[in-house]
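Colleague: As they're listed, the protein sequences go chains A and B. Using this note's numbering, you'd call the opening residue of the first sequence number 1 and step up by one each time. Using this note's numbering, you'd call the opening residue of the second sequence number 356 and step up by one each time.
Hint data in this document are derived by calculation from the structure and do not stem from the laboratory. Check the hints yourself; a few may be wrong.
[Said to hold, decoys possible] Just so you have them, the derived chain B footprint on chain A, three or more residues with Cβ under 8 Å:
#1 146-154
#2 178-192
#3 204-213
[As the list claims (entries may be wrong)] Covered stretches of chain B, going by a simulated chain A footprint (3 or more residues, C-beta under 8 Å):
#4 475-489
#5 549-558
#6 561-573
#7 614-625
In this text, a Cβ means the ideal position worked out from N, Cα and C, and glycines have one as well.
2 protein chains.
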Amino acid sequence: MLSSSSSLAALLGTEFPLVQAPMAGVQGSRLAIAVSGAGALGSLPCAMLSTEAMRSELAALRDALGERPYNVNFFCHQAPVPDAAREAAWREALAPFLREFGIDPAAIPAGPGRNPFSTEAAEVLAEFRPRVVSFHFGLPAPDLLARVKAWGAVVLASATTVEEGLWLQAHGADAVIAQGLEAGGHRGHFLSHDLTRQPGLFALLPQLVAQLRVPVIAAGGIADAQGVAAAMALGAAGVQVGTAWLLCDEATTTPLHRAALKSEAARHTALTNLFTGRAARGIVNRLLREAGPMSAAAPEFPLATAAIAPLRAKAEAQGSGDFSPLWSGQNATGCREVPAAELVRALVRGFGRAG
Amino acid sequence: MLSSSSSLAALLGTEFPLVQAPMAGVQGSRLAIAVSGAGALGSLPCAMLSTEAMRSELAALRDALGERPYNVNFFCHQAPVPDAAREAAWREALAPFLREFGIDPAAIPAGPGRNPFSTEAAEVLAEFRPRVVSFHFGLPAPDLLARVKAWGAVVLASATTVEEGLWLQAHGADAVIAQGLEAGGHRGHFLSHDLTRQPGLFALLPQLVAQLRVPVIAAGGIADAQGVAAAMALGAAGVQVGTAWLLCDEATTTPLHRAALKSEAARHTALTNLFTGRAARGIVNRLLREAGPMSAAAPEFPLATAAIAPLRAKAEAQGSGDFSPLWSGQNATGCREVPAAELVRALVRGFGRAG
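Same shape as in the complex, but just chain A (with noise of 0.2 Å):
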């Protein structure tokens, strides 16, 4: 184990191989720079960024951390085609909430939602040459990961099967985020949308470390040293912590939010793809219970974000969370109301119970 860890820590050019899963919409440079400057692997989450904010967290990366490593992460999905039909199905589905907070669904506007790796990121990352970069839904198009690659880049990407694994290996991934059911956020599956093909992190990283030549990271479900013990027990090269960062005063996870992952409520979390159109773990608030986690009336990845962003605003300025994607691994109890460096401390002990 201590040989496997090392070398992954060396390849990170980390003191630690621990990285802090990138978390768009909780998280800026702020963390990265806490979790870097600690001695793990911090990580800028851009899929909701704009080039101009994504060039200025980078810079506030690099004031901040010089040398020390960061990892910048994208989502790298096929933008979708909008399509009328669907979007107007989706509204109608929505359409008792949507008539409860006095939204009218003609005038919703499009959302932003997330954006796809592309040229015009590749562009601003090459001006700040990250020593990570990490990728969701597979990896980009070849041409567009070996801008990447030409500055020497680590490249990360998560698999959710064996077979995302073996193909993550043999398109260029240095290592693989072996993402276990239980994470939160959302699921990286790119090879097959059946969500009964995802185990859980006990089968699916001895199956990925067994098979793969590169290192694999285990994430999902761990939330202290012990988490990070048992991973390194099952072979793991590394781990990926998300949840357990969204209470530490460096994150910008709202109050509602932090209140959820605190409760009891914490205890219960589905995959739901109404936020956004893909499926991804939260806790399970009004919304999915009414609605169901699942559902088949959600436009494609990313635009169903766009009729539920009105009723989150209203409901948020209620003091509700019943429309916020609550997103939360299946593991919360690992949440601490500290400053990262304290939790990156804490976390790494685990790395000494292993080997």
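Go by the hints and put chain B onto chain A.
Modeller: Below, chain B without anything else, positioned relative to chain A:
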């Protein structure tokens, strides 16, 4: 860890805190005898045994093991009231398959299904006074449970959520099995049938360990010594392993089922209610693909079995597992064609690595 696992072994009366998961339909006393003989806890599943068969199997265990402990397992569902309309709808849903095999839906006999724990079973059990008795789907009624406790039996039961673990502890379980979503065969859930509530083992196990006073036994996706070590790192007092035994010489797994477990098909399992009416994990085969793994038409557990039985028999006679329940957890990589005692020796190496 060491003291926790030692104390579970002391509670069970075994050398190792390793439980062979009871697996109705694929094993009987022979596997249990081999496992208990090697210092772990073998289990006899009784859900599909008549009172007479149970007595005969228990006699075999007693004669072979003497004072060595073994576990006897029961389901404790409410026996369902047959519903003619629902049964008709179920046969209608299966009509294309029944036609293909020339089976007259009207001529299908009611199946024996699976029996819940009963006064009669408790009487047979009292003759043998097994050291350990385990239950699935909750616990039997208090008076029935009291009969089992009367001779000092250690009572185990499965929890799929934190809430179920707390309930089992409050109602008399001496240790709780944390059944992660990865596990093969029937899910043990009993407080809620909402499958989104059921976490993977990485999330479930540490939460149960944190919340319960009684020892927690980890189950689901554990296939080898590394899996055992990982579970112990997460705070388990011991582990229960199921799928890994299915290729052992002493298991009664059919050749079709064995072949599926050894193939790449075993990488894709799903929860299905088609075979019994309750969610159970098995390898995806033609029936699951074509009917969808979860059907609203399936009658209440275990009544769905009757209409599937002739399909399964006809297909198996043709050498096909298309309609067979190919139970498996999400990690079949630990299956080995060895005597069960050899698998015990391999798995218990994992205890040495933790703590």
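Colleague: Determine for every hint whether it applies to the structure shown.
Modeller: Hint-by-hint comparison with the structure:
1. Counting residues of the region 146-154 of chain A whose beta carbon lies closer than 8 Å to any beta carbon of chain B gives 0, which falls short of the minimum of three for the stated coverage.
2. Under the rule that three or more residues need a Cβ within less than 8 Å of chain B, the assignment of the region 178-192 of chain A holds, with 3 such residues.
3. With 4 residues having a Cβ less than 8 Å from any Cβ of chain B, the region 204-213 of chain A passes the three-residue criterion, so the hint holds.
4. With 0 residues having a beta carbon nearer than 8 Å to a beta carbon of chain A, the region 475-489 of chain B misses the requirement of three or more and the stated coverage is violated.
5. Evaluation of the coverage hint for the region 549-558 of chain B: fulfilled, as 7 residues show C-beta separations to chain A shorter than 8 Å, against a requirement of three.
6. Evaluation of the coverage hint for the region 561-573 of chain B: fulfilled, as 3 residues show C-beta separations to chain A shorter than 8 Å, against a requirement of three.
7. Counting residues of the region 614-625 of chain B whose beta-carbon sits less than 8 Å from any beta-carbon of chain A gives 4, enough to reach three: the coverage restraint holds.
In summary, the numbered hints that this structure violates are 1, 4.
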